[in-house]
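Novice: One letter stands for each residue in the lines below.
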Amino acid sequence: MKVTKRFAMRTLVGAAAALVVTGAALAQGAPVKIGLLATLEGPFAAGGADGMRGAELALIQRGGMAGGRKVEIIKGSSNANPDVAVNATRKLVEQDKVDIMVGPLSGSEGIAVKNYSKTQPGVTFINGGSGAQATTLVDPSPNFFRFNTEGGQWMVGLGKAALDKGYKRVMVIAEDYAFPYSQVQGFMSEFCRLGGKVPMKAWVPLGGKDYASTIARIPKDVDALLVVLGGADAVNFLNQYEAAGGDKPMMGGSITVSQDVLNYRGKRRDSLVGTIAAGPLADSYDGAEWKAFVADYQKHFPVSKGGYPSPSLFALVYYTNMKAALDALDAVKGDLSGGQAKYREALAKLELKMPTGTVRLDGNRQAIGTTFVTEVVKDGKGELSTRVLRKVDNVEQTLGTPRDQFKIGSRDEPNCP
Amino acid sequence: MSAAYWRRAMNTGLAAAARPLPLPHAGSVPAAAPAPDPYAESDAPRWLKFLWRHLSARHVFVLAVVFAYPFVATPFFTFQIAGQALALGLIALSLTFLGGYGGMVSLAQMTVAGIAGYIVSILGSSAQTISLGWPWWVVVPFALVISVACATLIGWLSVRTEGIYTIMITLAIGVAFYYLVLQNYSLFNGFQGFQKVYPPTVAGVNWRDPLPFYFLALACCLAGYLLVKWLVRAPFGIAMQGIRDNPRRMAALGYDVVAHRVAAYALSGLLAAVGGILFTWYNGLISPNSVGTGWLINVLVIAVLGGMRHPIGAFLGAAVFVVLQTFAIDVIDRERFNLVIGIVFLAIVLFSPDGLLGLWAKLRSRFGPQAALTSQPRRQA
Chain A
1 MKVTKRFAMR
11 TLVGAAAALV
21 VTGAALAQGA
31 PVKIGLLATL
41 EGPFAAGGAD
51 GMRGAELALI
61 QRGGMAGGRK
71 VEIIKGSSNA
81 NPDVAVNATR
91 KLVEQDKVDI
101 MVGPLSGSEG
111 IAVKNYSKTQ
121 PGVTFINGGS
131 GAQATTLVDP
141 SPNFFRFNTE
151 GGQWMVGLGK
161 AALDKGYKRV
171 MVIAEDYAFP
181 YSQVQGFMSE
191 FCRLGGKVPM
201 KAWVPLGGKD
211 YASTIARIPK
221 DVDALLVVLG
231 GADAVNFLNQ
241 YEAAGGDKPM
251 MGGSITVSQD
261 VLNYRGKRRD
271 SLVGTIAAGP
281 LADSYDGAEW
291 KAFVADYQKH
301 FPVSKGGYPS
311 PSLFALVYYT
321 NMKAALDALD
331 AVKGDLSGGQ
341 AKYREALAKL
351 ELKMPTGTVR
361 LDGNRQAIGT
371 TFVTEVVKDG
381 KGELSTRVLR
391 KVDNVEQTLG
401 TPRDQFKIGS
411 RDEPNCP
Chain B
1 MSAAYWRRAM
11 NTGLAAAARP
21 LPLPHAGSVP
31 AAAPAPDPYA
41 ESDAPRWLKF
51 LWRHLSARHV
61 FVLAVVFAYP
71 FVATPFFTFQ
81 IAGQALALGL
91 IALSLTFLGG
101 YGGMVSLAQM
111 TVAGIAGYIV
121 SILGSSAQTI
131 SLGWPWWVVV
141 PFALVISVAC
151 ATLIGWLSVR
161 TEGIYTIMIT
171 LAIGVAFYYL
181 VLQNYSLFNG
191 FQGFQKVYPP
201 TVAGVNWRDP
211 LPFYFLALAC
221 CLAGYLLVKW
231 LVRAPFGIAM
241 QGIRDNPRRM
251 AALGYDVVAH
261 RVAAYALSGL
271 LAAVGGILFT
281 WYNGLISPNS
291 VGTGWLINVL
301 VIAVLGGMRH
311 PIGAFLGAAV
321 FVVLQTFAID
331 VIDRERFNLV
341 IGIVFLAIVL
351 FSPDGLLGLW
361 AKLRSRFGPQ
371 AALTSQPRRQ
381 A
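From first to last, the protein sequence lines stand for chains A and B.
Every letter in the first sequence is one number past the one before it in this note's numbering, and letter 13, counting from 1, is 13.
Every letter in the second sequence is one number past the one before it in this note's numbering, and letter 308, counting from 1, is 308.
Simulated from the structure, these hints should not be mistaken for laboratory data.
Careful: at least some of the hints might be erroneous.
[As the list claims (entries may be wrong)] Now the in silico label distances, taken between C-beta atoms and shown as ranges:
(1) A243/A to L346/B: 39 to 47 Å
(2) N263/A to L346/B: 35 to 43 Å
(3) D412/A to G342/B: 41 to 49 Å
(4) D286/A to W134/B: 37 to 45 Å
[To be verified] The list that follows gives simulated cross-link-like pairs (lysine-lysine, DSS-like), each with its CA atoms no further than 30 Å apart:
(5) K362/B to K97/A
(6) K118/A to K196/B
(7) K378/A to K291/A
(8) K196/B to K33/A
(9) K33/A to K381/A
(10) K97/A to K118/A
(11) K407/A to K49/B
(12) K267/A to K349/A
Even for Gly, the Cβ is constructed at its ideal location relative to N, Cα and C.
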């Protein structure tokens, strides 16, 4: 009896030990779980779906493997509300036990998920598409990384281009929330430094359709308008401005000069030629790597399967962040042990080769990357399209200001009347 | 409406309801049927008698389950599923009380909850500089008082309307509040709202940890549930149900219909405010989207899903709602998971107009003994 008991005991201990060993071995070869969060509902549903395509493309390009391990993507969805984004993230992290989290898409979601990431030190969070400045500037989280540049960085280069065009006094018309604040800041910090003036800023409510009162306030002595509205709203503005007999040239934010605007058929159509804008991507950029990226996107997500004719901004930023997650996995050969310490070090040091240029991270784990300044041109058939005026590399989040003097963009910051 | 008028109205209402109700009434309004007075023959402590009379096996069972639940479930299930469902359930309970017992369907319950959440964020502490950082024991009573005042105002505006017009006017108020907080920056911080609105650390307990938060929410919900249960049998609640069934007759009997309805709004406002504070603490943030049309309607969906004929329906509905919202994406791993949510809602409402409670009652009447949860005459709709 005694003997059997001891024997049984030994067998049990042995089996347990064997289990632990094989368990550890299995963990090395087990798939890496990556949670992918984008807005599949709500106002950015189309953008969120394209973001998902971008992220999937990064994985398809390396055959579903990274660092010698299979990568499994678990999707989550939100509707651009921060509370929904945190709920979806918490589900992926705590219920589905993902190792790495990629997302979310919009600005206030990003801040909320960053705050949540502090409570989950064991998981590495990589941004999806969100571009609020405060996410990495104010109270950054040690395990939250952002490989895409944000709204302010996207406008760098436009101030110089405006002065080159002879616009010395500019009125700003923008929506009244954080993203346009940062866009206006990105333009103004350069524009004001080089001697330009912004005598008036009109902040219009988000989703407002009537611009009559704004148009009435446009001063006579400004040279141009900076219009930071979403594409469809920009067309609304153009219509009403045309009806009011306006004739000032326009400049656009990163999401203003969209296909909606290029397809504009009003009388002022020709005056759109020469409209300058800035953003993290340009459809017409002719770098070989960009062309290859676009071709790859079109091959895997043809228009017949719901893809866009050319990858959208969200596809690019999600691709960027997912590629960073996978490149760093390669760098550490799939080793996520030690609270992912090695992995995070690899992420922080990563020199990410992107179709638009090289991306590095700064001390707050925020991307330093490339911005394009574009101009609307008319082709031989009379169609409007954009061309790249200038490519600005190594754009930092503080826009050239020393970090301790940098203030986050708001209605009144910066200011140069 | 002056305070004196109010007091008079309430007093006459209560005095009238305290009298044994006229019997000819009972046919059309069985809700007001005279129940045997539970306190009449008692010389033991009242609460003990009350407890013995009302506590049955299923109550004990449910209590045991909800108390044991967080010790069995993972922190994720304790916090995100149960904590969220309890907070939402309390907000939906305010609508169940108003709609089920008062016959007034208000879409502004989430607005009242949102007002409480915003007051907590503005007066308490958050990541934004607008917040005043007052201590919680000042902030929470303030939030409750202001929300109840707002609920009273909303009620006072909308009680003169009936049915679909009540829905319209409360929806209008809700949307107006949404745009107010979206476009006001000096007080409500516009589109961004407030982040890091966390419950305070009291008595060395961080009340946002899953376990403490669960019990905090559970305590509030139990209190709210018992309050509603008690109210609907109190003279005021019985008068409410009378007004729901036949306001004209109740007016002819000397009840002040408007005062009763406004009082019901105020009470439901209190429930919604507590739920709103919990929900804001649960999310750790509040933004205009928290009081947008989506959420206004979600509260109605939760209440209808659970069933409006008994206060427990609100919590059942909230549980199903939260589970679906969280896990539907795993059922169809595509961009179409909202379809699953929609189909389940549709199926429940289609097969049982009384929501989950109606389904339960049907099952009980088919398979079980007659004394079903919802089959007692005083609860009939």
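Novice: Against this structure, judge whether each hint is valid.
Specialist: Results of checking the hints against the structure:
1. A243/A to L346/B: 39 to 47 Å: 45 Å, holds
2. N263/A to L346/B: 35 to 43 Å: 38 Å, holds
3. D412/A to G342/B: 41 to 49 Å: Since D412/A and G342/B have Cβ atoms about 45 Å apart, the given range 41 to 49 Å holds.
4. D286/A to W134/B: 37 to 45 Å: 59 Å, violated
5. K362/B to K97/A: 40 Å, violated
6. K118/A to K196/B: Holds: K118/A and K196/B sit about 12 Å apart, inside 30 Å.
7. K378/A to K291/A: 21 Å, holds
8. K196/B to K33/A: Holds, at about 28 Å.
9. K33/A to K381/A: 49 Å, violated
10. K97/A to K118/A: Distance of about 16 Å is within 30 Å: holds.
11. K407/A to K49/B: Roughly 66 Å between the alpha carbons, so the hint for K407/A and K49/B is violated.
12. K267/A to K349/A: Roughly 51 Å between the alpha carbons, so the hint for K267/A and K349/A is violated.
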